[in-house]
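As a plain string of letters, each chain reads:
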Amino acid sequence: MVSIQGIGVKQRIYARWKASLRHRIRRISPGRVVTHIFMILLILFTSLPLVYLASTAFKPLDELYIFPPKFLAMRPTFENFSSLFTALSSTEVPFTRYLYNSLLVSVLTVLGTVMVSSMGAFGLVKYKPPCADFIFNLVVAALMFPTAVTQIPSYLVVNNLHLINTYASLIIPKLAVAYNLFLMKQFIEQTPNELIESAKIDGAKPFTIYWKIILPLLKPAVFTLIVFAFQSSWNDYFSPLIYTTSEAMKTVTLAIQTISGGTTDLARAGAVAAASLVTIIPTIIVFLIMQSGVIETMAYSGIKS
Amino acid sequence: MSIYMTDRNEATEFQPKLHPGKKGRFAAHWAKYGTGYLFLAPFIILFTIFVIVPFFVSLGLSFTYYNMLEPPEWIGLNNYKLLFLEDDVFLIGVKNTLIFAFITGPIGYFASFFAAWAINELKTRKFLSLAFYAPSITSSVAVSVIWLYIFSPDRYGLINNLLIKLGFLTATEPILWTSNPKTIMPVIMVVSIWMSMGTGFLVFLAGLQNMPGELYDAANMDGVKNVFQKLWYITLPMMKPQLLFGAVNSIVNSFNVFAVATTIAGFPSPNYAGHTIVAHLYDYAFIRFEMGYASTIAVFLFVLTFLLGRICMKVFSSKDTY
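In order, the protein sequence lines correspond to chains P and A.
Per my numbering, the first sequence starts with residue 1, numbered consecutively.
Per my numbering, the second sequence starts with residue 1001, numbered consecutively.
Everything labelled a hint here was simulated from the structure, so no lab data went into it.
Hints are not guaranteed to be accurate.
Here are the simulated DSS-like cross-link-like pairs (lysine-lysine), alpha carbons at most 30 Å apart as the crow flies [said to hold, decoys possible]:
| no. | chain 1 | residue 1 | chain 2 | residue 2 |
| --- | --- | --- | --- | --- |
| 1 | P | Lys128 | A | Lys1225 |
| 2 | P | Lys128 | A | Lys1032 |
| 3 | A | Lys1225 | P | Lys18 |
| 4 | A | Lys1240 | P | Lys126 |
| 5 | A | Lys1182 | P | Lys70 |
| 6 | A | Lys1023 | P | Lys126 |
| 7 | A | Lys1165 | P | Lys70 |
| 8 | A | Lys1032 | A | Lys1095 |
| 9 | A | Lys1126 | A | Lys1230 |
| 10 | A | Lys1126 | P | Lys10 |
| 11 | P | Lys200 | A | Lys1240 |
| 12 | P | Lys18 | A | Lys1230 |
| 13 | P | Lys205 | A | Lys1032 |
| 14 | A | Lys1032 | A | Lys1240 |
| 15 | P | Lys126 | A | Lys1314 |
| 16 | A | Lys1032 | A | Lys1225 |
| 17 | A | Lys1314 | P | Lys128 |
| 18 | P | Lys205 | A | Lys1081 |
| 19 | A | Lys1165 | P | Lys212 |
| 20 | P | Lys18 | P | Lys126 |
| 21 | A | Lys1240 | P | Lys128 |
| 22 | A | Lys1023 | P | Lys212 |
| 23 | A | Lys1032 | P | Lys212 |
| 24 | A | Lys1182 | A | Lys1165 |
| 25 | A | Lys1081 | A | Lys1095 |
| 26 | A | Lys1182 | P | Lys18 |
| 27 | A | Lys1126 | P | Lys200 |
| 28 | P | Lys200 | A | Lys1032 |
| 29 | A | Lys1225 | A | Lys1240 |
| 30 | P | Lys205 | P | Lys126 |
| 31 | P | Lys126 | A | Lys1032 |
| 32 | P | Lys126 | P | Lys212 |
Now the stretches of chain P that chain A is said to cover, found in silico as 3 or more residues with beta-carbon under 8 Å [said to hold, decoys possible]:
| no. | stretch |
| --- | --- |
| 33 | 40-47 |
| 34 | 76-89 |
| 35 | 96-107 |
Because the structure is a prediction, the values reported are computed rather than measured.
Yeah, the Cβ is synthetic: ideal placement off N, Cα and C, and Gly gets one too.
Take these sequences, add in the hints, and give me the full structure.
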């Protein structure tokens, strides 16, 4: 019984696969071929240097100097990684402390900025207070002002609030970011007002509307913002560098940056490559989780409609 | 005592009559917008403290001489006069930045939209989107190390090596990609486009995924079959908010080019071939410690990008979408 059912399922899957293949072949058109070729070239352009980065991280020192240069490592080694971790663990603070700092700061920053900017954008777009246009213009203006010159005034503000050397100094200034509000506002504009109106008639409180209706509709935008915010918080070594002074407050990125240094010397290429690979792995993990979240949401809304 | 009391009573009684409807108007206003203000409050408070205050301080500093040791000294428009009339290196920076922005901005913008659209159509999202987004995750220092290796000016460089192999170059005369003033800008452009496409791409992808499927079904029934027709008549108009975000993002990115330029061409670059507005700003802010003058440069860049941003907002005005 079970086996018969199994065969039936297999045959059905096979038939469906054949049908979809036929369908796909029928859909091949010059436009699609050109699109595919263009896509492949683009993907090669974006991914090859990264493959090269990864292979450099695994290259032993002598392979960096061979001629002709090789794209991939011939004798891959963990030398670069082990020397990085030796250097990291020889500092007075254990590596896990840096990791804890980084995770704590990044997670709180991401949660905070998602809440603050989506709530702000919700208030701005759906309630349209008289000052909405002014606020939006101010946000866009702030976006365009070069950050280099605001660094010193920002430091003075953080210093006057007595936040130096606290986790708060690494989190709170990064909650109300112009970019994030702008992103959220653009997506909230696309949400239909009818849903909110009908929820209001049903007697839903404003926060319930925001939490139960708007946020679920915004999932692709929220996941995108999570990726951006996590990445910028994780990669940021400038804030911990100027807002904290004690070694115990350093983040992973700052620690690695200090060790590997910003040199562009060929002999250090392997070490820098290894260090940057280690730094980007958490962001890649967050990205992958968020991407599958977005795709699941799509499948879900597809079933619903 | 009693007179005093009646006075007070009179005052409170009369107040509503003296300002007819003011209290009522406020109450009505609060009833309509109060919740909106409450939702906005956390953002506005934090934004004012950490963004608006530093922004206006810098704006004020642009009218001063400030070397970060002595208190700022008011010098009026002198910084602006100096910037436009006497600073030749700044003009080189402006020229380079404009060339850079008008080439890389549009290329990066269209390539990232095309990639997001194609990946969404091809339904192979997860892996391809990682391949496309990954360059923006890496820090500019790490990236520059790799690209410097690829564009290395000797025969060890991957590109020179390839050109030698293919017979376009002789091994004794490799192209000095990162020190020849003629090739510096193109190299910076390639690397910047490579690094900057991810943000726009991810926002476009999220926008495409936000698209209600019913619209396409309706379009199918109306006889819109071609993918490109669908793109032009449905996708693009619906995506205006994301297209605006992407445009503003690429304007800001391309006019603020600095980190990639200096790690590739060095600072100062040969013949100022890789000198940009922000490079000039950094020079004055963190090498010469002339914060006032640096703020003036920042204000100039701000006005430039803000005007372009306003144009984009006009073009992508999303008033008519819903």
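Each hint, compared with the structure:
1. Pair hint P:Lys128 plus A:Lys1225 does not hold up; C-alpha atoms about 38 Å apart against a cutoff of 30 Å.
2. Simply put, P:Lys128 and A:Lys1032 have alpha-carbon atoms about 10 Å apart, close enough for the 30 Å limit, and the pair holds.
3. For the proposed pair A:Lys1225 and P:Lys18, the alpha carbon gap of about 23 Å is at most 30 Å, so the pair holds.
4. Under the criterion of a C-alpha separation no larger than 30 Å, the hint pairing A:Lys1240 with P:Lys126 is consistent with the structure, at around 18 Å.
5. At most 30 Å may separate the alpha-carbon atoms for a hinted pair to count; A:Lys1182 and P:Lys70 meet this at roughly 28 Å.
6. Distance restraint check for A:Lys1023 and P:Lys126: the Cα-Cα separation of roughly 25 Å lies within the 30 Å cut-off, and the hinted pair is therefore satisfied.
7. Taken as a hint, the A:Lys1165 and P:Lys70 pair is honoured in the structure, with Cα atoms around 13 Å apart against an allowance of 30 Å.
8. Among the hinted pairs, A:Lys1032 with A:Lys1095 is inconsistent with the structure: their alpha-carbon atoms are about 50 Å apart, more than 30 Å.
9. Annotation: proposed proximity of A:Lys1126 to A:Lys1230 holds, straight-line Cα distance about 23 Å (limit 30 Å).
10. Distance check on the hinted pair: A:Lys1126 and P:Lys10 sit about 26 Å apart at the alpha-carbon level, within 30 Å; holds.
11. With a C-alpha separation of about 28 Å, the suggested pairing of P:Lys200 with A:Lys1240 holds against the 30 Å cut-off.
12. Simply put, P:Lys18 and A:Lys1230 have alpha-carbon atoms about 27 Å apart, close enough for the 30 Å limit, and the pair holds.
13. Using a Cα cut-off of 30 Å, the hinted pair P:Lys205 and A:Lys1032 holds, with the two alpha carbons roughly 14 Å apart.
14. Of the pairs offered as hints, the one joining A:Lys1032 and A:Lys1240 holds, with about 28 Å between alpha carbons and a cut-off of 30 Å not exceeded.
15. Between P:Lys126 and A:Lys1314 the alpha-carbon distance is near 21 Å, which keeps this suggested pair within the 30 Å criterion.
16. Our distance criterion of 30 Å between C-alpha atoms is broken by A:Lys1032 and A:Lys1225, whose separation comes to about 45 Å.
17. With a C-alpha separation of about 19 Å, the suggested pair A:Lys1314 and P:Lys128 falls inside the 30 Å cut-off, and the hint holds.
18. Of the pairs offered as hints, the one joining P:Lys205 and A:Lys1081 is violated, with about 56 Å between alpha carbons and a cut-off of 30 Å exceeded.
19. For the suggested pair A:Lys1165 and P:Lys212, the alpha carbons sit about 62 Å apart, so the restraint of at most 30 Å is broken.
20. A threshold of 30 Å between alpha carbons decides the hint, and for P:Lys18 with P:Lys126 the separation of about 48 Å lies outside it, so the pair is violated.
21. Simply put, A:Lys1240 and P:Lys128 have alpha-carbon atoms about 19 Å apart, close enough for the 30 Å limit, and the pair holds.
22. The straight-line distance between the Cα atoms of A:Lys1023 and P:Lys212 is roughly 34 Å, outside the 30 Å bound, and the hint therefore fails.
23. Restraint check for A:Lys1032 and P:Lys212: the C-alpha separation of about 21 Å stays at or below 30 Å, so the hint holds.
24. Under the criterion of a C-alpha separation no larger than 30 Å, the hint pairing A:Lys1182 with A:Lys1165 is consistent with the structure, at around 23 Å.
25. At roughly 18 Å between alpha-carbon atoms, A:Lys1081 and A:Lys1095 fall within 30 Å of each other, so this suggested pair holds.
26. For the proposed pair A:Lys1182 and P:Lys18, the alpha carbon gap of about 55 Å is over 30 Å, so the pair is violated.
27. Of the supplied pair hints, the one linking A:Lys1126 and P:Lys200 is violated, its CA atoms being roughly 37 Å apart against a limit of 30 Å.
28. Proposed proximity of P:Lys200 and A:Lys1032 is supported: the alpha carbons are some 14 Å apart, at most 30 Å.
29. Note on A:Lys1225 and A:Lys1240: the hinted pairing holds, with a Cα-Cα distance of about 22 Å set against a maximum of 30 Å.
30. Pair hint P:Lys205 plus P:Lys126 holds up; C-alpha atoms about 14 Å apart against a cutoff of 30 Å.
31. For the suggested pair P:Lys126 and A:Lys1032, the alpha carbons sit about 11 Å apart, so the restraint of at most 30 Å is met.
32. Between the alpha carbons of P:Lys126 and P:Lys212 the distance comes to roughly 15 Å, so the proposed pair stays at or under 30 Å and holds.
33. Coverage of the stretch 40-47 of chain P by chain A holds [criterion: at least 3 residues with CB-CB distance below 8 Å; count 5].
34. Note: the stretch 76-89 of chain P has 0 residues with beta-carbon separation from chain A under 8 Å; the three-residue rule is not met and the coverage is violated.
35. For the stretch 96-107 of chain P, the stated coverage by chain A is violated: 0 residues have a C-beta nearer than 8 Å to a C-beta of that chain, whereas at least 3 were required.
Checked against the numbered hints above, the structure violates hints 1, 8, 16, 18, 19, 20, 22, 26, 27, 34 and 35; every other hint is satisfied.
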